[in-house]
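*Asks:* What follows is each chain in one-letter form.
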Amino acid sequence: MQADTTDSSSIPIYVGAQQSTAWRRTLARLTHALDNSRLFPALLIAPVMIFFIVWNVIPTLWMIGLSFYKYTLMLGNPRFIGTDNFISLMNDAQVWAALGRTFTWVVLGVGIQTVLGVLLGYLFWGSRDMPGRRLALTLLFAPMILTPIAAGVFFRLIYEPTFGVAPFLFRQLGMEVNFLNDRNLAFVSVLVVDIWMWTPFMILITLAALGSVPRAELEAAEIDRIPWLKRMRYIVLPNAKFILMLGILLRTIDSFKTLDLVYLMTQGGPGNVTDLIALLLRRKAFEAFDLGWSSALAIILLLSAIAFTSIYLYILNMSRRQEVI
Amino acid sequence: MKRRKGWRRSLYHIALWIVALIFFAPIFWIMLAAFKTKNDILATPPQLLFTPTLDNFIDLTTRPNVSGYFANSIFISLTAVAIALLVSFLAAYAFSRYNPPGTNFMMFILLSIRMVPAVAVVIPIFLMYSALGWKNTHFGMIMFYAMFSIPFSVWILKGFVDGVSRRYDETALINGGSRWHVLFRVILPQVGPGLVAAFIFNLIFVWNEFIFNLIIGGLNTTTIPVSFSTNLYSAGGLDWTFVASMTTAYIIPPILIVFLFQRYLLVGMTFGTVRGEV
Chain A
28 MQADTTDSSS IPIYVGAQQS TAWRRTLARL THALDNSRLF PALLIAPVMI
78 FFIVWNVIPT LWMIGLSFYK YTLMLGNPRF IGTDNFISLM NDAQVWAALG
128 RTFTWVVLGV GIQTVLGVLL GYLFWGSRDM PGRRLALTLL FAPMILTPIA
178 AGVFFRLIYE PTFGVAPFLF RQLGMEVNFL NDRNLAFVSV LVVDIWMWTP
228 FMILITLAAL GSVPRAELEA AEIDRIPWLK RMRYIVLPNA KFILMLGILL
278 RTIDSFKTLD LVYLMTQGGP GNVTDLIALL LRRKAFEAFD LGWSSALAII
328 LLLSAIAFTS IYLYILNMSR RQEVI
Chain B
878 MKRRKGWRRS LYHIALWIVA LIFFAPIFWI MLAAFKTKND ILATPPQLLF
928 TPTLDNFIDL TTRPNVSGYF ANSIFISLTA VAIALLVSFL AAYAFSRYNP
978 PGTNFMMFIL LSIRMVPAVA VVIPIFLMYS ALGWKNTHFG MIMFYAMFSI
1028 PFSVWILKGF VDGVSRRYDE TALINGGSRW HVLFRVILPQ VGPGLVAAFI
1078 FNLIFVWNEF IFNLIIGGLN TTTIPVSFST NLYSAGGLDW TFVASMTTAY
1128 IIPPILIVFL FQRYLLVGMT FGTVRGEV
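Protein chains in written order, with the working numbering: chain A, 28 to 352; chain B, 878 to 1155.
So that you can see chain A by itself, here it is in the shape it has in the complex (with noise of 0.2 Å):
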């Protein structure tokens, strides 16, 4: 019984430890095959470079072709057009008043938090000490962290004209108001809700910007009881300025993306005072599904993405010449 079992389990031991040094011999000539050689990092990068090719050059490459053809999903087959649709597309009205409300938000929405989020970051400087720092920061970051979709929810109960919080509010002053249905107030009202979502996005960029303030070149300088206005000068803007330029240029670029916010909560109206050019692109090939015409116009966001990117990097990189960040 007992040479039995020992029988049994020493048996495959031995045999099983034969194979798995032969088994790792193999396993290990394999592993290391590609150590020198120049596959490798190709290999490495192959995963990355399928998805991009068959998620992005592919449909990006077909796209290009789509913008020089008059394509409508229900009509028929693709016709040959040449640069017909950005032609039609720089002569139409509807696309420059799109982009023009499109600059607006931006440089309202983003000079708004800009200005707040400075001030209010400069204000948070230096509470480390401050009780329950971690909840309170976890308050004030919430809303950019929620989906702009949840963000046009809350704002429509509290915009909602017979119940809602604000227009209750407003009531008490005397004031009839229906933010979202008010062709002077809609623009104004969703922007706010923007601003709101975004300002403790530069509320954190701020904090960082001055978080990158050498601290022994500030104590000098108050050592040395240098003005506060010199020492902004100085000190703080040299250093902070590069974290606080590519935070800006984030919030440009994503605020120009803006859709799901406005999508919601007045679907670009009413009339169309809130429609922004993502709103208006999205418009034109998903419901009238002009998707020739579309792609021209995606084809121009695109490109503009692009430059603003180089923009980013070129500042990037320059900050990272001076070894800020």
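Worth double-checking, as some hints may not be accurate.
Stated by the list, open to error - Sample of chain B residues facing chain A (criterion: CB under 10 Å; computed from the structure):
id, residue
1, W884
2, S887
3, H890
4, A959
5, L963
6, M1024
7, I1081
8, A1121
9, I1128
10, I1134
11, V1135
12, M1146
13, V1151
The hints are simulated quantities; they were obtained by calculation from the structure and are not laboratory data. Every residue, glycine too, gets a C-beta built ideally from N, C-alpha and C.
Knowing the structure of chain A, use the given hints to seat chain B on it.
*Replies:* Same frame as chain A, now just chain B:
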């Protein structure tokens, strides 16, 4: 003197708390609404004090499609991000260590994918998916979200791999380790924070994503944000009890994540390009 300073200090802290609470107020308001009855939500003037009820959440669990939306959201976001992370880590290592020709160009193109308005990206994908029959499939959604998570992950992970000294690679190689060993046993454990940040922020991105799911998804793949825009109305009016309880359930995970992973917030919100203490 010292006492006065302490008093001013607490005033300062109170001011900071007030700022934080002001920003949180709209979220708090919808969370309150989730515990109100329909009549309390529709009451004028708006009710701040009311008898809380859990009926809305109970109602939520009995709705036919809601569990499906949550399942879709969780399944799609987790799988897509896991795929993206694995693929991106390999590429980030290659970009960082071998610096193959065109690295900078590739990094640039990857970043610009994230800068393009979503609708412009989705048009060609829509065409391709229609042709291949990938619309409204989990495979299509997951792969697309993985593609959209890759740029950010590569950017953030390359930064972290760059931060690990090449000496580690060399030591491991000299001691007989293979490149795979270097990759998974030497580098991987050291870029943990980068992986966490990339994981968290891609997860939030996919969790919050709306327009792609609206256009290339369908009944089988509807995630929560799209369900908001399609299920808002019932019996003629906006279904506020549903909306309030659904958003409350939906926003709790992201808020928890901000609380738990606060130090990754900065790196996460700036594609890993800005690092620092907050």
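*Asks:* For each hint given before, does the structure comply? Return the numbers of the non-compliant ones in rising order.
*Replies:* 1 and 4
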